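Enquirer: With chain L fixed as given, assemble chain E onto it according to the hints.
Protein sequences appear in the order of chains L and E.
For the first sequence, my numbering assigns the number 145 to the initial residue and increments by one for each residue that follows.
For the second sequence, my numbering assigns the number 15 to the initial residue and increments by one for each residue that follows.
What the hints contain is simulated information worked out from the structure, not anything from laboratory work.
Just so we're clear, the structure is a prediction, and the values are computed from it rather than from any experiment.
One should not assume that every hint holds.
[Unchecked claim] DSS-like, lysine-lysine: derived pairs with alpha carbons at most 30 Å apart:
#1 L/Lys-211 to E/Lys-201
#2 L/Lys-216 to E/Lys-269
#3 L/Lys-214 to E/Lys-247
#4 L/Lys-148 to L/Lys-214
#5 L/Lys-214 to L/Lys-188
#6 L/Lys-219 to E/Lys-86
#7 E/Lys-41 to L/Lys-211
#8 E/Lys-269 to L/Lys-238
#9 L/Lys-172 to L/Lys-211
#10 L/Lys-214 to E/Lys-41
#11 L/Lys-211 to E/Lys-269
#12 E/Lys-41 to L/Lys-160
#13 E/Lys-269 to L/Lys-214
#14 E/Lys-121 to L/Lys-245
#15 E/Lys-247 to L/Lys-211
#16 E/Lys-201 to L/Lys-214
#17 E/Lys-18 to E/Lys-247
#18 L/Lys-216 to E/Lys-201
#19 E/Lys-201 to L/Lys-245
#20 E/Lys-201 to E/Lys-121
#21 L/Lys-245 to E/Lys-41
#22 L/Lys-219 to E/Lys-269
The primary structure of each chain is shown beneath.
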Amino acid sequence: MTKKIMIVDDDPVIVKYLENIFKNSGYKTCVARDGSQGINIVKKENPDLITLDLEMPEEWGPRFYRKLSKEKLFKNIPVIVISGLSGNQYAIHKAVASLTKPFDRDVLLKIVKDTIGE
Amino acid sequence: MFKKILFATTGTPSCDAAARVAFDMAKRYNTELFIINVFGIPSRSFSQVITDLRTGDEIDLHDDQLVKIKNKLERRYQQQIHDYNSPHDIVLTDGIPHTEILRVARKKEIDLIVMGARTSTEENTGSVNRHLIGSTLQNVARSARCPVLIIGRAAASFWGGISNIIFGTDFSKGSSQAFEFAFNLTKMFNASLHIFHAIDISSGPFEFTKNQEVIEDRIREVRGMIRKRYISKMEGYNDYEIDVWEGIPYVEIVKYARESFADLIVMAHHTKKMAPPEESVFGSNVEQVVLRSNAPVISVNHPARQKK
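One chain only, chain L, in its complex shape:
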């Protein structure tokens, strides 16, 4: 079954870029433009993995993750932080990885593959 990746990011350019990377590698995608939309989309789409930006206009990544971690069914969905902020590796301590923008596409795909498979 095709794995689904949810992209949480407010930057349409990054969203498009990530969608292309994942789709070209055989993954399905869904998108939340902000942490505040995120939980509803997680419930609707039940993704296998989430890529999460930290700084977003309405609700920041860590707050979204806090809500996610309270959801019994979804709290163990692996999260990859992708952010331009310094110190992003410390923002969500249970994240499987943290990448700083600009990031290497192959590194991202390797992490995704190692985490949820192809």
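Expert: Showing chain E alone in chain L's frame:
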């Protein structure tokens, strides 16, 4: 509650995380923002020659120099100033940093001072100092009449609003003042308040540290103390949790903040005098929490010194 914020900065990367929080907070809560940069210490009284605090060089103080410093500061925070999109006041001054920060805070009737844990100079003076809180911050936190919001690590600057506040108590007189502040903040932001105490088992008598039953009796006793001292004053506000853990207090607070995704930790700062660096490798609990925590820390000073 916060009408005026003073962001104290050296204009160097060591203050970037604090800048992120200061600007975000000012924007989010529609607050007046003052930025202070103490750029140098006069080499002699009334001297126009100052020692630059970033480089250590002696420089001649003239109007061009001030414009230069101001431009540099505005360039550094260009994006944040643009996003904040409200008038802000930059105060440039020479002098002893903590004295000037406290003076401006008093003069402008500041409600909250925001600053990093260390200056760049302090960060560059060896690995031991990286585990110590800066002397400017120590002095400001000891003497400020308003609370001081401290961002110790870049990780503590992922702000995005306040909805989860930890109040760490040691049941001191200062903690009562800190509780009042934490509770007002909780009500204002309609947040969750976690009242937390860590029983110190690192320094107690051997019988105490050995016997888990004794520790658990103490935990029950402390929970009762929290109900009596704090919950009774919460006027029916019921979005709160009480947690009492045993361990090394600052380690437990840092762990608790991480596990409960705290946005903010409020603690009392009641150290009366500054310990010399060689004696303060471990510092006070609040100082260690500042340096280690993933959340920003608000240090609330002794009641007698608080702004009325």
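Enquirer: Run through the hints listed earlier and report the numbers of any the structure violates, in increasing order.
Expert: Those not satisfied are hints 6, 14, 19.
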